[in-house]
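Participant: Counted from 1, the sequence shown has number 196 at position 196 by the UniProt record's numbering; the numbering is strictly sequential.
Please note that the accuracy of each hint is not assured.
In silico EDC-like links for lysine to aspartate or glutamate, alpha-carbon gap of 20 Å or less [to be verified]: (1) 243 <-> 75; (2) 302 <-> 22; (3) 151 <-> 247; (4) 184 <-> 242.
Label pairs and their calculated CB-CB ranges [said to hold, decoys possible]: (5) 23 <-> 154: 24 to 34 Å; (6) 109 <-> 313: 23 to 33 Å; (7) 314 <-> 271: 32 to 42 Å; (8) 22 <-> 91: 11 to 21 Å; (9) 330 <-> 183: 23 to 33 Å; (10) 47 <-> 339: 32 to 42 Å; (11) 200 <-> 154: 35 to 45 Å.
Worth flagging that the hints you see were computed from the coordinates, not collected in a lab.
Nothing here was measured: the structure is a model prediction, and the numbers come from that model.
Positions of the beta carbon are idealized from the N, C-alpha and C atoms, including for glycine.
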Amino acid sequence: MADTRRPAGARKTAKQNGDSADVLRGYYEQMVLVREFELRASEMYARAKIGGYCHLNLGEEATVVGLMAALRATDYLFTTYRDHGYAIVRGMDPGAVMAELFGKTAGVVGGRGGSMHMFDADLRMLGGYGIVGGQIPPATGAAFAIDYRSKAGKKAEAVMCLMGDATTNIGAFHESLNLAGLWKLPIVYVIVNNRLGMGTPVELASAEPDLYKRGSAYRIPGVRVDGDDPVAVRDAAIAALEKARADRQPSILETMSFRLKGHSVVDPARYRSKEDNEEAQANDPVPAFRNRLLKSGALDEKAADGIHDAIEKRVTDAVEFADASPDPSPSELFDAVYATPVANESRAYPGDPVTAVGSVVS
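Build the full structure now, drawing on both the sequences and the hints.
Facilitator: In structure tokens form, the structure reads like this:
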């Protein structure tokens, strides 16, 4: 299979990009934070501190950091269920994110969302979505709302909608892109291509495996970028977002990376060959970016070790915070079911008689 992961010219040195050493070190620190957080989340899942599903960003740290660096505070973000890293780099406190994984009241949504549903309206991160492709229609709707408001003089904004590679095969993807192309909506659809739709290679699931081309039927341009390079991802995302804001040009950005572990923490990934695993490990973006910064002089070994030590403590503190946070009370089970009061709302627990006091709120 031909290696199409790195388009020519995608990887640049610090000097070529003009980024300061501080900026590059900041990206590395964020990548290490995502890596250490996800490793600890995997451990906590094994210890039964986390329930339900849990999908990790291991191997996609450079993509996470590059995309988040491109967003403005006024832009909107919709993600998949692989959302922990995006939540943290977008600005959510790691302790609150870990508490959400633990199902605690100190979590970002009070323990109600868990791993797949990080949300913060102030940060304009409008959710991780547990249904494959479930984020695409509401993200497209948000772009429509932005376009509608901009005609009334509102400030230009844009939407970034993330998805996995296999999501490009569902109906909502094509329906949404058709509307975005027809109405010229300010949205960037980001396909995080880790080469596997759960356990199926892209080439065996898509008649057009160059996923950045999938918008051509709707006159939506696309580009492919090296997802292991945070600077390349950032630059491509900035360009796409600028076109979305200024020209109302929707686009596709495909980032190419490797998933270092299974689809979720309970997936042993036995469908992957030894050679495939070795290739993924050889392209691990965290040590690769570290070596790049060491070689360019933006980082030295002592500073790199210091970053790792500080991040390990930060993640340990996040786990301790989550562990010490209170569990939700059963009395809160029905809170926030509706945004506004609803007459005759049922608050009965399983096994309660229909006539039980408190079973209905009038």
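Participant: Would you mind marking each hint as holding or not holding in the structure?
Facilitator: Against the structure, the hints come out as follows:
no., hint, in the structure
1, 243 <-> 75, "holds, 13 Å"
2, 302 <-> 22, "holds, 15 Å"
3, 151 <-> 247, "holds, 13 Å"
4, 184 <-> 242, "holds, 14 Å"
5, 23 <-> 154: 24 to 34 Å, "holds, 31 Å"
6, 109 <-> 313: 23 to 33 Å, "holds, 26 Å"
7, 314 <-> 271: 32 to 42 Å, "holds, 34 Å"
8, 22 <-> 91: 11 to 21 Å, "holds, 19 Å"
9, 330 <-> 183: 23 to 33 Å, "violated, 46 Å"
10, 47 <-> 339: 32 to 42 Å, "holds, 35 Å"
11, 200 <-> 154: 35 to 45 Å, "holds, 42 Å"
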